[in-house]
Every structure is written in C-alpha cells, then in structure tokens.
Amino acid sequence: MMGLILDGGIALLTIGIAAWTIRAADDFAAVVGFVAYGLVLTLAWTRLGAYDVALTEAAIGGGATGVILMRAGARVKPAPAIRPSKRARIIVGALCAAVAAGLSAIVLLPPQPAPSLALEVREHLASTGLGNPIGGVLMAYRAADTFLETVVVLLALFGVWSLGRDAQWGGRPGPAPRSGDGGALPLFARVLVPAGIVIGIYIVWVGADAPGGKFQGATILAAMAILASMAGLVQAPPTSGRRLRWLLAAGPIVFVGIGLAGIPLAGAFLAYPPGFEKPLILVIEVALTVSLAAMLALIVAGPPEHAP
Amino acid sequence: MADALTLAAIAVLAAVALGLVRVLRGPSRLDRMMAVQLLGSGGVAVLALLAVASGTDAILDVALTLALLAAFASVALARALGNARADGGETGR
Amino acid sequence: MNVLLGLFSTVAIVAGIVFFIAGTVGLLRFPDALTRLHALTKADNLGLGLIVLGLLPYAGSLGAALKLVVIWALVQFAGATVAQMIGALALREHPTSAGRHRR
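Residue numbers (our numbering), protein chains in the order written: chain A, 1 to 308; chain B, 1 to 93; chain C, 1 to 103.
Honestly, the hints are just simulated from the structure, not real lab data.
Built from N, CA and C at the ideal position, the CB exists for glycine as well.
Be aware that one or more of the hints could be misleading.
As the list claims (entries may be wrong) - What follows is a list of derived Cβ distance ranges for each label pair:
(1) R87/A with A73/C: 38 to 44 Å
(2) R25/B with R83/A: 19 to 25 Å
(3) G183/A with A73/C: 17 to 23 Å
(4) S61/C with G16/A: 32 to 38 Å
I would like the entire structure built from these sequences, with the hints used as guidance.
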C-alpha cells in the first residue's frame with residue numbers, strides 16, 4: 001500500500017517535471033528541468049528493481065548529460081525560441097500518445113506467457129563466471145552490442161571535436177577556468193576527486209556480481225576528471241596528444257583483439273575459451289572503463305578551444 | 001518497519017517535490033538551481049530509506065552514485081552561472 | 001535495547017523529515033536568494049544527516065553502514081561547496097551591507 005503511494009507519487013512527479021521542461025522559458029530552465037527529470041527517473045528505476053539502469057540514469061542522466069547540455073547551450077548564440085504551428089503540435093501530440101498507448105499495451109497486456117529470455121540467461125550465467133545477469137548479457141551474451149556502443153561513443157567524441165574551429169583542431173578543450181564564485185571549488189575538488197575515483201573503481205568492480213559496471217563507473221571517473229579541470233587542478237590535455245589517443249583507443253582495440261582471438265580459440269568472434277571467461281572479461285572491462293572515462297570526460301569538455 | 005520507512009520516503013519526496021515550485025516560479029536562475037539541489041538531496045534520502053526498508057544494498061550504491069553526480073552537476077551549473085554572469089549576462093530570468 | 005534503538009531511529013528520521021519540510025518552506029517563502037540558500041543548506045545537511053543517523057542502526061551490515069556515512073559526508077561537503085558558490089553569486093547580484101563590509 002505504501003509502495004503504491006510512493007510509486008504513484010514518483011510517476012506523477014516524472015510526468016509533471018517532463019511537461020514543465022518541455023515548456024520551459026529558457027535554456028537554463030530547460031537544463032535544470034532535465035536534471036530534475038533524471039533524478040526522479042532514477043527513483044522510478046529503483047522502484048522497478050532495475051538497479052543497473054538506475055545507476056546509469058543517476059550517473060549519465062542526472063549528472064553528465066545536464067552538464068553537457070549546459071555547456072552546449074552556453075556555446076550557442078541566443079536565438080528566439082521556435083514555436084511550432086498548432087497543427088504540428090497536434091500531430092506530434094497524437095503520435096506521442098499513440099506510442100505511449102502502444103507501450104502501455106505491451107507492458108500491461110503481454111501475451112501469456114510473456115516472452116522472455118530471463119530463464120535462459122540465469123541458466124547459463126554460471127558458465128560466464130559472473131554473478132550479475134546484466135553483466136552477463138553485456139559482456140558475454142551480447143558482447144558485440146557493447147563493443148559497438150563503445151565505438152559509437154568514440155564516434156560521438158569525434159563529432160564533438162569536429163565542432164571546433166579548424167585552426168584549433170588538436171588543441172586543448174574547454175574554456176580557461178574562471179572564478180569569482182567563492183573559491184570553494186579547488187578545495188572541493190581536492191577532497192572529492194580521489195574519493196570519487198575510488199568510488200568509480202568500486203562501482204566497476206562490484207558490477208561483476210551486483211548492480212554496477214563499467215558505464216556507470218566510467219561516468220563517475222569522467223565526472224571527477226571534469227571536476228578537477230573545472231577547479232583548475234589539472235589542465236585539459238591537447239586532443240592531438242599521442243597518449244590521450246592511445247587511451248581512447250585502448251578499450252575498443254582490446255575488445256576487438258580478444259574478440260578476434262576468440263575465432264581460433266573458441267570458434268566464434270567474441271567467444272571466450274572455457275575456463276578463461278572471467279579473466280578475459282575482466283581485462284576487457286578494465287580497458288573499456290579507462291577508455292570510456294576518457295571519452296566521456298572529453299565529450300563533456302567539448303571541442304578544442306585553444307590552438308595546439 | 002519497511003512500511004514506516006516507505007512512509008518516511010513518501011514524506012521526504014513530497015516535501016522536496018513541493019520545493020520544485022521554486023523551479024517553476026524562479027525568478028532567478030539561482031532559485032531554480034537551488035530547488036534542484038534540494039531535489040537531489042531529497043532523492044538521496046529517499047533512496048537511503050528505500051535501501052534499508054527493502055534490505056537491498058544495491059540501492060545504496062545508486063544513492064552513492066546519485067550523491068556524487070548530483071554534486072558534480074550542481075557545481076558545474078553554479079560555475080556555468082558564474083561564467084555567464086562574468087560575461088555580462090545575468091543570473092536573472 | 002531494541003526498543004530504545006527503534007525509538008532513537010524514529011525520532012531521528014522524523015526530525016530529518018521536519019528539516020526537509022522546513023527547507024522546502026524556506027525555499028518557497030523566503031524573500032530572496034540568500035535567505036532561501038539558508039533554508040536549502042539546513043535541509044541538505046540536517047535533513048539528510050538525521051535520516052542517515054536514524055537508518056544506521058538498521059543498516060544490516062558494516063559495509064552498508066559505511067556507505068550511509070560516506071553518502072552523508074558526500075552530500076554535506078557538496079552542499080557546503082555549492083552553498084559557497086551560490087552565496088558568492090547571489091552577493092554579486094544584490095550586495096548586502098554584510099557583503100560590502102567584506103570587501
């Protein structure tokens with residue numbers, strides 16, 4: 001009963017914040033609304049028992065995306081808001097309602113018995129050496145998807161870099177840190193960044209057997225890197241730096257390497273030879289965490305702004 | 001006990017959700033930011049209550065990540081506001 | 001002993017909720033950014049702090065209790081930093097007499 005009230009409250013809050021964000025008056029208000037939306041969505045995922053998704057929502061939806069949007073908005077020249085015509089708004093509204101109705105029908109009236117691979121996932125989980133079924137899906141059953149997602153993030157980074165001016169290609173990203181807001185930031189960063197790094201690594205580590213994993217951990221590590229750069233503790237590296245580019249490539253290269261090695265050793269791309277699953281998955285995860293953290297940090301940092 | 005803790009979670013959520021009215025009304029960007037900061041702390045409190053209510057430690061990890069990233073987002077937003085102000089804009093509407 | 005713990009937890013959690021409500025009321029009713037900031041920090045620190053305190057006896061394991069304390073410390077520290085930054089920004093907007101004396 002209490003749970004129902006809580007869930008109802010969260011649902012109402014989610015819809016309310018979403019509705020407000022769509023109609024927000026200016027960019028900053030919209031970003032703030034979006035961050036709030038991410039926070040409430042985290043609560044919703046938690047109540048649904050999807051803790052891995054809740055972790056990702058908290059990390060990326062609540063924190064990283066808000067900052068990315070904020071910085072992107074600061075770059076764009078203020079333009080008058082575009083107000084779509086009434087007809088367009090009605091059509092879009094009808095389409096959204098149709099999608100919502102369709103999804104609700106699928107969730108509330110599934111065919112009996114509802115199709116699901118959950119049983120098979122659990123049955124074979126022991127052979128992957130992992131205890132977290134989500135981890136098993138990401139790293140063993142659908143490892144190719146994870147690999148492609150990592151490459152997509154890398155491509156997104158290239159897209160962000162390409163937004164800089166030609167003369168500045170390869171330079172350091174991000175504006176020079178400025179102050180005037182009380183000087184509390186350097187102390188905050190000095191204490192928080194080491195702690196955050198430990199927590200990030202912990203989240204990656206615990207993802208093997210409990211909710212967690214490399215995306216969430218990498219986002220935490222990326223946020224700490226951005227924090228250090230905002231506080232002026234470290235300077236953003238030039239995007240043409242060799243070490244940086246190796247760092248970015250390490251994850252996908254290791255993933256592809258182990259995948260290709262799986263063809264002669266275990267019969268298929270990204271198949272793991274029996275007995276070696278856990279250590280191989282671990283190696284891939286470490287490499288991916290490092291690369292993803294670098295990718296996400298650089299995406300938030302933005303295009304190069306200083307000539308190399 | 002689980003019910004009592006869930007009730008506490010509802011109370012906290014209701015309290016900070018009301019604070020979101022400040023996001024609606026503004027009038028300045030600072031006010032909107034503060035309302036979201038309140039929502040963040042409230043969200044962490046709700047997650048902590050739910051974690052102990054259901055005995056699920058994983059929810060504590062979610063609360064930890066939320067606390068960390070919400071702190072990061074708040075600080076980044078405050079810094080962005082400060083930069084906008086220094087550039088001659090204003091933290092107003 | 002259990003009854004005492006239960007009583008302590010109840011009092012702490014209820015007090016925490018009261019501070020969250022106070023924070024919201026302050027945020028909605030106080031006249032300007034600086035005073036609202038005051039209300040916000042009370043909810044951040046004391047609201048969450050008291051709730052965490054009340055939850056500690058029922059944490060279930062040492063690891064969970066440790067996580068609760070870390071969460072509390074994190075939110076405290078972050079809240080304090082953001083409060084400093086918001087305060088400096090608000091002062092620049094509307095310098096009060098206190099602000100002027102500091103310069």
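Verification of the supplied hints:
no.: 1; hint: R87/A with A73/C: 38 to 44 Å; result: 54 Å, violated
no.: 2; hint: R25/B with R83/A: 19 to 25 Å; result: 22 Å, holds
no.: 3; hint: G183/A with A73/C: 17 to 23 Å; result: 21 Å, holds
no.: 4; hint: S61/C with G16/A: 32 to 38 Å; result: 37 Å, holds
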